[in-house]
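J.: Fit chain to chain and form the complex, with the hints in mind.
In the order they appear, the protein sequences are chains A and B.
Letter by letter, the first sequence follows residues 1 to 271 of the numbering used here.
Letter by letter, the second sequence follows residues 272 to 560 of the numbering used here.
The hints are simulated quantities; they were obtained by calculation from the structure and are not laboratory data.
Some clues are possibly wrong.
[Stated by the list, open to error] 25 Å max Cα-Cα, derived PhoX-like pairs, lysine-lysine:
id : chain 1 : residue 1 : chain 2 : residue 2
1  : A       : Lys86     : B       : Lys288
2  : B       : Lys318    : A       : Lys185
3  : B       : Lys503    : B       : Lys343
4  : A       : Lys185    : A       : Lys267
5  : B       : Lys288    : A       : Lys185
6  : B       : Lys291    : B       : Lys383
7  : B       : Lys447    : A       : Lys267
8  : B       : Lys291    : A       : Lys86
9  : B       : Lys318    : B       : Lys343
10 : A       : Lys267    : B       : Lys383
What follows is the residue order along each chain.
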Amino acid sequence: MTSWQIWGMILVVPYLLVFALFVVYPVFYAFWLAHEPQSYVKLANDPIFVRSVVNTLVFLFVAINLKMAVALGLSGFFLNDRWWIKILAVIFILPWAVPSIPTILSVRFMLNPEWGLINQTIFRLTYEDGPNWLNNPTLGLFFAALVHIWKSLPFWTLILVSGRLAISADLYEAASVDGATTLQKFRFITWPSMQQLFMTCLILSTIWSLGDFNSVYLLTGGGPADLTHVLATLGIRYLRLAEVDLSMATIVFALPLILPLVYFMMKRLSK
Amino acid sequence: MTTTTMNRTNFMRAASKEAKLLLVGVPLLIWTLLPIYHLCLFAFSDKQSAFSGNLWPANPTLRNFEIVFGQKHYFLSHFWQQLWNSVFIAGMTGLLTLVVATFAAFAISRLKVRGGRTVLNMALFTYFIPAAFLAVPMYRTMGLYGLLNSQWSLILAMMTIASPYAIWVLKQASDKLPVELDEAAIMDGATAMQLFRLVYLPLMVPSLVAVGTYAILLAWNEYLYAFLLLSKDTSLTLPVALGNFMAADDSPWELLMTTGLIYALPPAAVYYVFRRYMVSGLTAGAVKS
Chain A
1 MTSWQIWGMI LVVPYLLVFA LFVVYPVFYA FWLAHEPQSY VKLANDPIFV RSVVNTLVFL
61 FVAINLKMAV ALGLSGFFLN DRWWIKILAV IFILPWAVPS IPTILSVRFM LNPEWGLINQ
121 TIFRLTYEDG PNWLNNPTLG LFFAALVHIW KSLPFWTLIL VSGRLAISAD LYEAASVDGA
181 TTLQKFRFIT WPSMQQLFMT CLILSTIWSL GDFNSVYLLT GGGPADLTHV LATLGIRYLR
241 LAEVDLSMAT IVFALPLILP LVYFMMKRLS K
Chain B
272 MTTTTMNRTN FMRAASKEAK LLLVGVPLLI WTLLPIYHLC LFAFSDKQSA FSGNLWPANP
332 TLRNFEIVFG QKHYFLSHFW QQLWNSVFIA GMTGLLTLVV ATFAAFAISR LKVRGGRTVL
392 NMALFTYFIP AAFLAVPMYR TMGLYGLLNS QWSLILAMMT IASPYAIWVL KQASDKLPVE
452 LDEAAIMDGA TAMQLFRLVY LPLMVPSLVA VGTYAILLAW NEYLYAFLLL SKDTSLTLPV
512 ALGNFMAADD SPWELLMTTG LIYALPPAAV YYVFRRYMVS GLTAGAVKS
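Here chain B stands alone, though its shape is the one from the complex (with noise of 0.2 Å):
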């Protein structure tokens, strides 16, 4: 075989594979991208526009976003309302859920209380329970306690939804501080709090973030359980708001895909921020094998 038969075989095998990643990776990206695609075209597009079947824009506005911030629809008349809601109830769920969880965690890690193991049983028990099998008892539950349609009940849930996988995590990560430091503490006399405030909350937080973040995120994108615990327009979530959309026959879809895209943005900028300690916390805490 000569040195240009060898090259053009070689050439036609390296062509060959990228060929076939190609034929992989071209439908995969119009695949990923077709849904979100959709949603933005709808977005810019005027309802004429947007319901004649275009692939792109023909005249691109910026009109449904000026009709949604200005709340110029009547579906829309509680927009900034709502997204208050939704911005209030995932900050409330965070820190609740940061409070709650690190307690647990510290105590189980550091204190090594008695019956923490089954503690933290309990919690990944809960964790493995589809929470749309949680629903309707916390909803039923939720009334008895008297807490429905009070934006807490929301919080609650979600905070109960969102604990079991935080105590999970911060348990590993706070596994992992060198046992030294708590040596330390007790040879200088620190109580157990001097030793949470001074030391352990310094050194976790990485892992608090993450977590924070993920029971933020959870709050922010639940639909079935605040469609299911909040009912006045005022009190509702964007989510459950952009459900309510489709129950008239003449939705004015570009609207909610307007709308939809304004909810959707945050978590995406968040989760690609933190895509490290997403990825990695996932990776670690759900499919540990």
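Next up, chain A with everything else stripped away, as it sits in the complex (with noise of 0.2 Å):
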């Protein structure tokens, strides 16, 4: 063996001791602490979990695709050659630059039935009482993914951005001399060689999404009364009542769930 490869296994150790003691560890210490067919009956019994996973699916559903298409038609109009988009473009990073939790609190507030700005608004415009947004579930998950959205909408955006603008131009001018209309220039050539990236970003946008903690959290708390909790904060919400049982069998459940996307990203990426 060459003095390079011992100093190479000297050099990847240290990395090597992080993924056993805070990553192999940990995860067979929760498949141990949910070996217990027993959790899995009291999981399925407990009607928030039921609720979590409905939740999570429509969490998953609406963020996604509002998120991806939104994104996907933005990055068109973020390339129009003016002055004030590209000022635009500068303040659209924002949401992503700042950590979450001020932007999610001033959210909370806003959204105060007495206090908040936008019920006082309408008091003002209608005087009549706005509704308590975030003390219907539906609203209050609602909300959540579009919180989850304002966030993470800059990221996709910039990227499918970048997608676009490795497209040929030329492709665009011979087509306009043929006098295609926009939505054929887009379903013609936008889209087929956007689709590659396109199912990438769904993909990794799916796994990021279903690990949002704090836009479910500190919106909503996961009330009222436990009925807007996703799989991300059921596991915390387990372990404050104590069962760390279920907390782990929440995220064993949740891996089937993750894996094949891992699987799908990995590929991608080893390509």
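T.: Quick look at the structure:
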């Protein structure tokens, strides 16, 4: 063995230690704590768990579709060459650049039924009290999805802008000469070139949305009556209730949802 | 068609195009800025004005900043300590991540250590598992290691989360360095560590800056792990302190927003300074199709 190989092994040891101590061990420990079939029976019988699974699916469906569709549209908007769109592009990054806690709390107070900006404005305009936004589980979850979209839209738009920039301008010019409409240009030039990138974005965005703890926890806290929890926040709820086995069982339950997506991403990246 | 009518049609077409763009741009601007504006609005208003739903501060004031910086509210009695905790934890996370990730990337990419591909795949796998699902197992494990309530538990946890992406980006960057460098080093009889110190590190500086920034921001922004792993008031980071504000019914929201604004400024500034690195790094690393 050469001295370079020996040095190579020494230098990967720190990461292997980190990986063993803080990834492998916790994961096995979690599986061990959740090994009793009893835990899963208890989990399945908890109405909050069932509700959380449904919420997660609704959250994913709304958040991802809305976000990616808008990002795709906006990526076209940002290609327009205007001085004010350049400035807007710089401002547009802000939600991604600032930490989520202050802005989520800001939205939370905006939605406050008595003192929030929104209901005060509604009252000023109509002399009627606005709805108690976050006290309604459906609205609460919807606003959590909106907060999630607000935060992550800039990132996905930027990625799709870079995808659009890679398409040759000649194609569009040729299409214009042939008298193609904007919709036809999108259908036959933009979409085929972006399809692959868009799919990757969709998968990665699904993984990240599944793991979004802050948007739900800091906006609704899982309430009212624990009806807006998603899988990412449910583990913490069980931890608070001192039901560690249920907390771990939730994670073990979520893994089959995540692993195929992770597998897909890893295949994409190792190409 | 005469020239004037043609000009007019062209003008009308251009105007309608502009109108359409504005129809997207203006709502987008409002959507983007509303929560941030609301945050600033509270920070510069007194409680009375903030809670009455004014769209702009009735009497703009710096009083809230005075209270926060002077720690003149019991929610804020450890403000400077908590700000320091955030700085310390972010800084240590950045440093440790850089050390661990640079060593690993160098060994995998330049020294071609056997099994390097597997190590890289393990790192990638960790990167794609959402951190929220590792939080509770990590919390329990930190308890077993006896690290709970120590800031090192958070630093180690954040390093665990930051290093996979760091290794990936650094490995991509070091693959691009010319092979001739290594060959010349071997010819000159350089040891692996000499190559690392004298050739590799100086060439990698831009990537190291980008990765260090990434790790620092990740740790600075973290809420979930910080709130699980730390509990003493004097060892909390700012985001956890912000979250604790809400526990009370009579939360001083104007002070909460002020503290939040102060806390949000450094990452926003860093982001704009390193924008080019961050965006291209993320695009190359995260979504390479």
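J.: Would the hint linking Lys318 (chain B) and Lys185 (chain A) be met if the CA-CA limit is 25 Å?
T.: violated, 53 Å
J.: Lys288 (chain B) and Lys185 (chain A): Cα distance at most 25 Å?
T.: holds, 17 Å
J.: For the pair we were handed, Lys185 (chain A) and Lys267 (chain A), check the Cα-Cα distance against 25 Å.
T.: violated, 31 Å
J.: Would you check the hint for Lys447 (chain B) and Lys267 (chain A), treating anything up to 25 Å between C-alpha atoms as holding?
T.: holds, 21 Å
J.: Holds or violated: Lys318 (chain B) with Lys343 (chain B), Cα cutoff 25 Å?
T.: holds, 15 Å
J.: Would the hint linking Lys86 (chain A) and Lys288 (chain B) be met if the CA-CA limit is 25 Å?
T.: holds, 17 Å
J.: Given the hinted pair Lys267 (chain A) and Lys383 (chain B), is their alpha-carbon gap at most 25 Å?
T.: holds, 21 Å
J.: What's the verdict on Lys503 (chain B) and Lys343 (chain B), does the C-alpha distance respect the 25 Å limit or exceed it?
T.: holds, 20 Å
J.: With a cut-off of 25 Å on the C-alpha distance, tell me whether Lys291 (chain B) and Lys383 (chain B) pass.
T.: violated, 55 Å
J.: For a C-alpha distance cap of 25 Å, please report whether Lys291 (chain B) and Lys86 (chain A) respect it.
T.: holds, 16 Å
The structure fails hints 2, 4, 6 (numbered hints given earlier, in ascending order).
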